[in-house]
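Asker: The chain contents come next:
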Amino acid sequence: MSESLIRARGLTKKFDDFTAVNGIDFDVLKGESFGLLGPNGAGKSTAMRMIGATSQRTSGELTILGKDPEQFGPQIRAHLGVVPQQDNLDTQLSVTENLYIYGRYFGLSRKFLKGKIEELLAFAQLEEKRSAKVESLSGGMKRRLTIARALVSEPEILMLDEPTTGLDPQARHILWDRLFRLKEDGVTLLITTHFMDEAEQLCDRLVVMDKGSIMAEGSPAQLIKDYSTKEVLEVRFGSERNAGMANDLGQLCERIEELPDRILMYTEDGEELLERVYKKGFHPKTSLVRRSSLEDVFLRLTGRTLVD
Amino acid sequence: MSSFQARQGSLKIVDAAKVAARGALFVTEARLRSMLKWVWLIISIAIANPVLYLISIGLGLGSYIDQNAGSAGIDGVSYLTFLAPALLATAAIQGAMDESVFPTLEGFKWNKTFFSMNATPLSGNHIAMGVFFNSLIRTVFTAVLYWLVMLAFGVLESPRAYLAIFTAVMAGAAFGALMQALAGLLENENMFFTIVERFIIMPLFLFSGTFYPLSSMPIFLQWIGWISPLWHATELGRWLTYGSEISTSMLFVHFIFLNSILAVGLFASRRIFTRRLGK
Amino acid sequence: MILSTAVAIAEARMGKPGEKYYSGRSRAIMERAYIAFKSSTWMIVISGFVEPVLFLLSFGYGLKDLVGDITVAGQPVGYVAFIAPALLATSAMNGAIYDSTMNVYFKLKHDRLYHGMLATSLGPMDVALGEISWALLRGLSYSIGFMAIVAPLGLIPSMWGILAIPAAVLIAFGFASFGMAVTSYMKSFQQLEIVNVVLLPMFLFSGSFYPLDVFPEWLQTVIRIFPLAHAIDLVRGLTLGNISWALAGHAMYFVVMIVIGLFFTTRRLNALFMR
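Residue numbers (UniProt numbering), protein chains in the order written: chain F, 1 to 308; chain D, 1 to 279; chain E, 1 to 275.
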């Protein structure tokens, strides 16, 4: 059993009478990539801020590398690399100056930083932009710079809050590739996301969160196995007719979910199910067979979709 | 399902001729609505500003100046009477600047509303004029309130003193239009306006014969007043409010100068807005 | 476990007083300010210095014949020498207020810069002290520049005048720490306008351009509740050489202002970031 770097028991955060995080338990192990999956407002960012030792918990236990973040804020933050949801790069400074000064905030020496900056520029593929002002960078570049900046202190734990929100598909893939490399180097990753594909790609283990609580925990494959079927058949009958079909279709498969624009039918074999649908005399306008994803797990657990 | 109708067709509901004719007014309406959010702040500034300045500089500093000048006064009147028309023009210029510079920077750069306006049948000319009209409304409002405060202070001696509102507004409009054009040129340098404020606006305010006759400055500083709309409006204002001595030809010079600046500013604004939106 | 350098540096401070709030590295914040300053427009840098000089030129030389001499402590003083110290005090105030309100607000809310700083092993006290120290360094250089211009013009009749420079820094310190405390409570950019609403009457009524005794007693008392009148009296007392215990009282006003400002700034930043 490897050691637990982050340990939360009954972790709770209340703002006035609103409970953002409601008694959650989890452990993050050394070297793993751990995810918090849930829709906006699930309490992921609040949990991240408590772990990042910049927010005080209302109740419960929290230890990071065996220490209480409320007692040892600066010492714990020295172990962490934080990539916030919103980039907060220093817009008055250039790319290299951003990396340099962030290192200085940790008290690192100029000599050390000189070499480190070159390493980070290469890692973030920003060598050609080294003297550019931050404002002139694309969204993907800014995100890579924010990640590189978080790595300047060689942290044990890298915390990424919604790392690819707002990026185009190509920029996302470049970013994922960089995060894989870090994982190979033994950095522990803690990621929040509301994208199920991102969670499946990046996380060894994750918790599904909704309204401040943990709904389920496990590896992506295990969660899908536990809470969904192997395949899903999506059918559309046009906006007026979907509702009327649900009852009839429900008899054909294990489980059915009715969404405003389509019906999801859960089964082990999608093609076979589709044939049976046609045989029954139903003719959907469009149909699609796909593998189950974490999206389906979330739908099963909460009755809602991840992204609205 | 909802009764939303997407397919009536834009040709049926959008009147292109009406937009072409009145487009600037639609832009004015949009600007006016966002200005009205700060209406209480604008009103308080418009009243507090003259009261504070007139008491502090006009009466406070004036008590020393009047004592020192004896019965002759400054330019034949009390310092308060001498100062007030200059401050009236200053306030009008300030009000015009606020409503032309920041909306222009906002529209082009901060939230890019001008580009979305331009995606409708509104043209660059409409947008430039709309912003100008709105700043004119603010200018008139500021000047009228200032003038009423002056009335309360008893510094309006001449029967034609009400005309000083128009000359102050003229200066505000001229300066506002010019600055609007300049703001439209700025691509990304926010700091530029801090520089304009400190190296152009501030010296114009300090060296336009606002606090003392321009002629008491050394000649090598007097040129600042000559090119400053504030000085021209102040000279007209002094003539209108208390009948300072001024030659008829100079009256024309002041009048023509202000209106030329206004014409140049508006022409440039329209050109610059249209060009930038079409880029 | 192999510790990174960053961790070793942070752990070295364990057990020191205030370790939760202060890591002893406010210098890093000043270094950041210096790097940003190096790349900023030189015109902006100069402008903070030019403004009081323009006022001196316009008001001082424009009005000196109209106003005549002003009597201070029984002695006639030329008008330019009368307003020069007031302009020094006012520009110390303006610089400190700008740095601690607009500048801080943007870093706090718009760029979220302080969030980034406080995600590192820095504490809120490092940030507050670093930002204020930088503002003071700037204020110091502007004051020296202004004195270098007015002293050769014969506007500083007393040798005590040299103390006007540290006095200006003290004044800037007071306004900066107080301004930062106020800004940290601001919820929207428009609320910053309130700062201007207070500044304008204070600027106009604190005795920059003429002695306060033209006003009725009660108004003078009201004016002396606010800091600028004390700042002007302090600097003017030094440059004109009117040394009395009253000057110590004015200086104390600013010491109290600094303590109150720093207390609320640290408390508020802590509440904001450690919420």
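Among the hints, erroneous ones may be present.
[To be verified] In silico DMTMM-like cross-links for lysine to aspartate or glutamate, where the CA-CA straight-line distance does not exceed 20 Å:
1. Lys225/F - Glu162/F
2. Lys133/F - Asp69/E
3. Lys211/F - Glu162/F
4. Lys67/F - Glu11/E
5. Lys109/E - Glu234/F
6. Lys16/E - Glu234/F
7. Lys109/D - Glu187/D
8. Lys16/E - Glu70/F
9. Lys133/F - Asp75/D
10. Lys285/F - Asp226/F
11. Lys64/E - Asp75/D
12. Lys279/F - Glu217/F
13. Lys109/D - Glu135/F
14. Lys37/D - Glu106/D
15. Lys187/E - Asp204/F
Just so you know, the hints here were simulated from the structure itself, not pulled from any lab data.
Asker: If any of the earlier hints don't hold here, list their numbers in rising order.
Answerer: Result: hints 1, 2, 5, 6, 9, 10, 12, 15 break, sorted rising.
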